[in-house]
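Asker: The residues making up each chain are set out below.
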Amino acid sequence: MGKGGRHTYAAISVLAAGALALTGCSSGGSKDGASNQKDTENAKRQQSSIEFGKAQDSVGPAPEVPGAKAGGTVTVLQRDTYAHLDPAQIYVSDEGSLSSIIHRGLTGYKATSEDGSKHEVVGDLATDSGTTSDGGKTWTYKLKDGIKWADGTPITSADVRHTFERLFAPFISNGPTYIQQWMANTPGTEYRGLLKGGPYGGKHLPDTVLATPDDKTIVFKFKEPKPDLPYALAMAGYSVVSQKKDTKEKYDKAPMTAGPYKVADFKSGKSMTLVKNTNWDPKTDPIRHQYVDQFNILFNKQYEDSTKTLLDDTGVNATSISFNNQVDAGNLSKVLADPKLKSRVVSGYQPYVGQMDINMSQPEMQDKKVREAIAYALPITPFVRAYGGAQAMEVAGGLISPTVSGYNPSFDPFGKKKKPAGDPVKAKALLKEAGKVGMKLTFGYINTPEGQQYSTAMAAGLQKAGFNVQRQEIPAETYYDQIGKVKNNFDIYHTAWGADWPSASTVVPPLYDGRVIQDGAANYAHVNDKKVNADIDRVSKISDPVKAAEEWNKISEYVVKDVVSNIPTGYYKQTQIAGSKVGGLVYDDVLGGVDPRRLFVK
Amino acid sequence: MLRFIFRRTLGAVVILVLLTVVAFLLFFGMPRDPALLMCGKTCTPDALANIHKTLGIDKSIPEQFWIFLQGLFVGRDDFAQGPCPAPCFGYSYHTNENVWSTLIDRLPTTVSLAVGAAFLFLFVGLGSGLLAAWKRGTLIDKTFTGGAMVLSSMQIYFLGPLAMAFLVYQTHLFDQVEYTNFTKNPASWFTGLVIPWAVLSTIFAAQYTRMARSSMIEQLQEEHVRTARAKGMSRSYVFFRYAWRGSLIPIVTIFGIDIGSLLGGAIITEYTFGLPGLGQLAVEAVKFSDLPLLLGVMLFSAAMILLFNIIVDACYAFIDPRVRLS
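Residue numbers (the UniProt record's numbering), protein chains in the order written: chain A, 1 to 602; chain B, 1 to 326.
Heads up, some of the hints might be wrong.
[Claimed, not checked] In silico lysine-lysine, DSS-like type, Cα no more than 25 Å apart, as pairs:
#	chain 1	residue 1	chain 2	residue 2
1	A	203	B	53
2	A	340	A	581
3	A	248	B	53
Bear in mind the hints are in silico, worked out from the structure with no lab data behind them. What you are looking at is a predicted structure, and each value in this text was computed from that prediction instead of being measured.
Starting from the given sequences, assemble the full structure and let the hints guide the process.
Answerer: Listed below in structure tokens is the structure:
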């Protein structure tokens, strides 16, 4: 997924303006030993591959959270309102967190350690994470007994069929498209042709694609092996939708839910109240709890506000939390340094990796030496500083995040970890060899406080190496639209991307497959390398996730080192804080934030 | 008087219609494609065309404007999200909420903020300004004018967090800033808004102090006031009977404009304190390039300013009969 989704990006930009104005520039840069060790631990735990659990692991109830008790109300302070409640329209992380307690899917991620740091994919509504007999082409799921919608009606295979068939309807445009593309065996949006208009005209997907032989059984049939299906099904975007209660576009405002909580009241941009769903049976759910009576969610709480409120820790603030708001840059060092706050602060990596895209469509960028010069000259320190220092951003060596299987911590071909300020001398030598000293380099940067800050310093670094850098400001709300155009006339621009599940199969193909280059596609650098394209086809067919992870990583390393089209900048990190009376606080690596499913009031 | 108000209202309606045309053309006619923001990760020309159709922006601009105008007066039922009764501003691109319902939902917060703050800044500003004029040249005058100078140079985004840090988080003298519906809990409504009122009125009151002082001093030098004093009337009688009324005219003008603007949304205050009013809605609309919402907020704010201009004009006529005659 793109960083925060297209919508959230604009939000980040505007809101961060306030952050900077109020807090001043953060220190950044330094990193103590303890912090280093914790990062290594975090990375270690996050890169470990998530395995598919066995059938017995899919049986509810979820293991008790130590010390948990039922009752109480938790106030949740969120920056952005939820634009979508229809599972099929959910892609951004804050809606994903909400989805984790109101919606359910065929599979889900179950925490396998008490601190919630390890996971496995298990059956959520299904009895297991899926069985395949032909290496991933055919997957069979059986629904559990006793699973119900919030209105008490049973969830059947007809609902699951409907869930997938409506993904082809034209009004579904925001959610993930992996499974639709796999079903239609085609990239891009051509998949919609498989069931034009969705199931509303009485048409259905053929049994050769999706079969539901009885009320409990669902069979997915793909033309190519899709070993990642259990991961994909665990995405919030593939949570089930009630066939009987489907109101098409209106479902986005009032969906039927199946999770432990249901929406009692929602005022967009103001508040949302979640209450217990009495038709949710914990015996059917190995992932979620229902300790808290009610969640009162308040929107438009900026990071500074939520941090101050949670630090205050008096009255209702002690039972407050934010599912997604981070500790603001101004308070971050203080929060991490205070031992008294340790028990109510959690940290982890976000799935996003920042990268400087070199526009391979530009004639001047065809010269590999020029690209290498950019790669060596580009200073990363300003980028880290702009986001609040080492606690909020880590210098990246490669394009695969520490949260993704196959991450290689030692990969750093341009020595960015050792020389985060860049190597202008080496860069200048390369530029001289290419005979391009003084060449014009157009740097399109996002007009956010961070963008303004890092782009100025990055431009200065490139200038030192002999480039004549022209910075061009791009409004935040149209940034991805503008750089997403194939003919965009910028030479370099920065983007961020996060894996949709802990496998680089959701990173490498969308970002580096030359055959998907078109306006709006995520191959922002326009990488079109024969070897990369062929390798993507080859690795997509590997059914062993561990081997596949290794191979995906090799492709990404080839892109950085040999194609030199995408220069890794940083791994995004996040620190969150909760009130002292909120129990069960854990940073969930998969959600990329606090895990709302296990919270309780102390 | 009625004819006077009718004339002014007619003028305001013409301005509003012109504003609607200009705003619509500016928003919907510019070379930007809101569909791109909703197109997701795998955006293709097909998918874009689909969204254009869903949003109704596949039609020509004049056609879109005509449909929009019709919607304002008779409502529309061509939205997938449901019927849109008049006045129909359409549905938000970002949240799919009915724009008019959203405006109405956010209005009480903005009205509460505006009315409370206006009450404070009018009385504090006017009171201190008049007192400074009364005590012209004394320490009181210097204190008030000096204080007003300092406060008017302050910014809400500076004073707001400062007030929160000190009054809420450190000393716990005040409740957390939060909007509660007045009808639901008047006490919470009051305690939750005290700080935003105080901060907003601090900035405004300083201007009123300065304006009231200079206006009153000017009035005190008018011939009719000096004549009254020469006739032996007491200073306080002349001050309140003759000078006060004349000094109000510029105050009423600025107050009308200020309250009209505030009712259209106190953007910085609402944003600083996280109050879900029209100002915050405007920020959200800009953030998400949500054109229907942006247009709705803008026209609503413009209508408020025009409405209060008419009220100001009527007040002029009430205060000064010469205006009525002209």
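Asker: Going through the earlier hints one by one, which of them does the structure break, listed in rising order?
Answerer: none
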